[in-house]
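A.B. asks: Here is how the chains run, residue by residue.
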Amino acid sequence: MGLEALAFQILNAVVWAWVLALLALGLTLIFGYLDIINVAHGTLYAIGAAISWWLVQATQSPQGGFLLALLVAPLAVALIGLAAYHLTIRPIMARPPIYSLVTTFGLMFILQHALFLIIGGAPRSAEMPISTLIPILGRTYPLYRFVMAGVAAAIILALWVFLHRSTYGTWIQAVQQNRSVATAMGIPARQVVAVVFCLGSALAGIAGVLAAPVLQVRYDMGIDIIMDAFIVVIAAGFGNLFGTVIVAMVYQIIQAVLAMMITPLQAKVLALLAVLVWVLMRRKGLLERERLA
Amino acid sequence: MTRAHKLTLLGGLVLVLLLPHVAGAFARALTVELLIYSMFALSIGILYGHTGMMSFGHAGFFGVGAYAAALMITKLDAGLATALLAAVGSTAILAILVAAVAVQLKGHYFALITLIVGLVLYYLGTGWRSLTNAEDGISFARPELFGTYALGDPMVSYYFFSILAILVIFFVWFLLTSPLGRLFRGLRENDDRARYLGYPVARLKMLSFTISGMLAGLSGGMYALFSGYVSSEFLSWILSGEAVMWAMVGGAGSLIGPILGASLLIWGREVLSSYLIDIYPILVGSIMIVSVIFLRGGLAGAFQQIRDACAARRAPAPDAAANGEPT
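Protein sequences appear in the order of chains D and A. Going by our numbering, the residue at position 152 of the first sequence is 152; the numbering climbs one at a time, nothing skipped. Numbering-wise, our numbering comes out as the position in the second sequence, counting from 1, plus 1000.
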């Protein structure tokens, strides 16, 4: 019984880790290429979830609404990201990166409260698009969670292919390595930077859509997960694509196992302490590996 | 510290002493609140404006200080001095622990660690009900001052907290204009160079963070003792954001800036709160963004620029080391 419960906890953790990794990758992408930490990233995720919930309500169809949200939410969130980029990042691009922390922190205040004014303070739940339960180890497990992890994994793979195998991906790499040389070679560096920001935002939007049927949709749901995402990103080192996935996995499993023995709150605090110790131990490596692998 | 700074403080002290003769209870309470929050904003000023390290979790220190003071009184039946010492002592320990990890990291990482620590403390505040009573908070009877005056008396508490706050601000100014303050600004400008010159950079950053955390903790403790109330909202990340906003708008790198920013914006919030309470967080966010983009060096920086421009007409511009924003 105990072992079985543990197995399910770990299964949950592994499935959820893909969504967390997707969110963390958005952060790490924007940081790795633009040197900007988007503190409002969690709120973009919440907006994605809210769009998903709203579309399911509006279409009265869990499947249709969800599929529509998978298309609409990333676009909408990318557009919000684009506007945010022009209003809060572009004006301070020439100044030290720390300023972007303050402006995106301000952005988080604005977006999150705007979301609160729109959907209200009460938690909302979106219906699962796939209600099938599959039997595992004598229990049933929702198929949707596997689909969720699968979609997240597919997007992460697509992102890797895009960055490393496409022309535009090469442009992105070039702009990151040397912006002025890239511009001299005819690469539209300004556009590339904006696209990276939109792409990172869109990832948060998709993560939100995927999470909406599993979690409760709340205006401040971004705060809960952004902490996990930051912890993953810090422990993996910024800009480390596959490291981010692995760390997300390990971090979720540790938390799940801990949560069997102690309260989730204590598990969270312990996990944080573990990351702090980890950061202390390999602080040199952490600062060295800053770019996308 | 220049003569102008000393005169400002003296003027502040006189104003505070005279205020009760001309103003009512609301103005008195607001004055104390402004002064305490000014201390809090100044703690961001020390850290960010002078040493170049940003904290997004400073409400953690404010709240821990507040809870330390309150719990000393409710659980241990301690006196005023012990409660204030607990506020400073607990946040000093916390700050040293956080700083030991955080100062190993630069810029982004540093700020993220503070953000995470702040969020964890907020979670503890809302989750650990038996100790903190979460959003409902704890109301408690305020202790006595020197065993004779009750802090529950509004006049006693007004004089005590406003004078204490001004003395603390005076001390912090003294610290920031001392050679230590100059060293902090040296780290802000170029910590590699400071390291080559043989300064213990990590330890100095820890010192700056600890002083800042203690100041935030003391302001939290004073606020709790002044209002006789503490709740998990004292730890909220919104308060952390507000502290950053106050410091940035006023000018984090100047002495008067954070005080100016805190006073102006809290006064504005009090005056406008009945109209704007619905969109207050949006306002906070917008002010943060706008002041970063357009108000380089904050209000204090703007005044300085005007003064420099006037001075430049008469003579070549003097070196304005203690002012302006970090670069």
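Hints are computed from structural coordinates only; laboratory data are not their basis. Just so you know, these numbers come straight off a predicted model, no measurement behind them. The reader is advised that the hints may include incorrect statements.
[What the hints assert, rightly or not] Partial selection, computed: residues in chain D whose CB lies under 10 Å from chain A:
(1) Phe8
(2) Ile10
(3) Asn12
(4) Pro91
(5) Tyr141
[What the hints assert, rightly or not] Chain D side only, calculated, beta carbon under 8 Å to chain A, not exhaustive:
(6) Gln60
(7) Thr103
(8) Phe105
(9) Leu107
(10) Ile110
(11) His113
(12) Ile119
(13) Ala122
(14) Phe146
(15) Trp171
(16) Ile234
(17) Met261
Don't be surprised by glycine CBs; every beta carbon is placed ideally from N, CA and C.
A.B. asks: Each hint needs a verdict: does it hold in this structure or not?
C.D. replies: Evaluation of the provided hints:
With 10 Å as the threshold, the beta carbon of phenylalanine 8 of chain D stays out of range of chain A, its nearest partner Cβ sitting at about 24 Å, so the hint is violated. Taken as an interface hint, isoleucine 10 of chain D does not check out: its beta carbon lies about 24 Å from the nearest beta carbon of chain A, beyond 10 Å. The beta carbon of asparagine 12 of chain D comes no nearer than 21 Å to any beta carbon in chain A, farther than 10 Å, and the hint placing it at the interface is violated. At about 5 Å, the closest approach between the beta carbon of proline 91 of chain D and any beta carbon in chain A falls short of 10 Å, and the interface hint on this residue holds.
About 29 Å separates the beta-carbon of tyrosine 141 of chain D from the nearest beta-carbon of chain A, more than 10 Å, and the hint is not met. For glutamine 60 of chain D, the interface hint is violated, the least distance from its beta-carbon to any beta-carbon of chain A being 31 Å, above 8 Å. Using the Cβ-Cβ criterion of 8 Å, the hint placing threonine 103 of chain D at the interface with chain A is satisfied: the shortest such distance is roughly 5 Å. Among the interface hints, the one on phenylalanine 105 of chain D holds; its C-beta lies about 6 Å from the nearest C-beta in chain A, closer than the 8 Å criterion.
Satisfaction of the interface hint for leucine 107 of chain D is found here, the shortest Cβ-Cβ separation to chain A being roughly 6 Å, below the 8 Å cut-off. The interface hint given for isoleucine 110 of chain D holds, since its Cβ lies 4 Å from the closest Cβ of chain A, which is under the 8 Å cut-off. Evaluation of the histidine 113 of chain D hint against chain A yields a held restraint, the C-beta minimum of about 4 Å falling below 8 Å. Interface hint at isoleucine 119 of chain D: violated, since its Cβ lies 15 Å from the closest Cβ of chain A, which is beyond the 8 Å cut-off.
For alanine 122 of chain D, the interface hint is violated, the least distance from its beta-carbon to any beta-carbon of chain A being 16 Å, above 8 Å. With its C-beta approaching chain A no nearer than about 30 Å, phenylalanine 146 of chain D sits outside the 8 Å limit, and its interface hint is violated. Below 8 Å, beta-carbon pairs count as interface contacts, and tryptophan 171 of chain D has none with chain A, the closest being about 25 Å; its hint is therefore violated. Of the supplied interface hints, the one on isoleucine 234 of chain D holds, with its beta-carbon coming within about 6 Å of a beta-carbon of chain A, less than 8 Å.
Because the closest C-beta pair between methionine 261 of chain D and chain A is about 17 Å apart, greater than 8 Å, the hint is violated.
Violated hints, in rising order: 1, 2, 3, 5, 6, 12, 13, 14, 15 and 17; the structure is consistent with all others.
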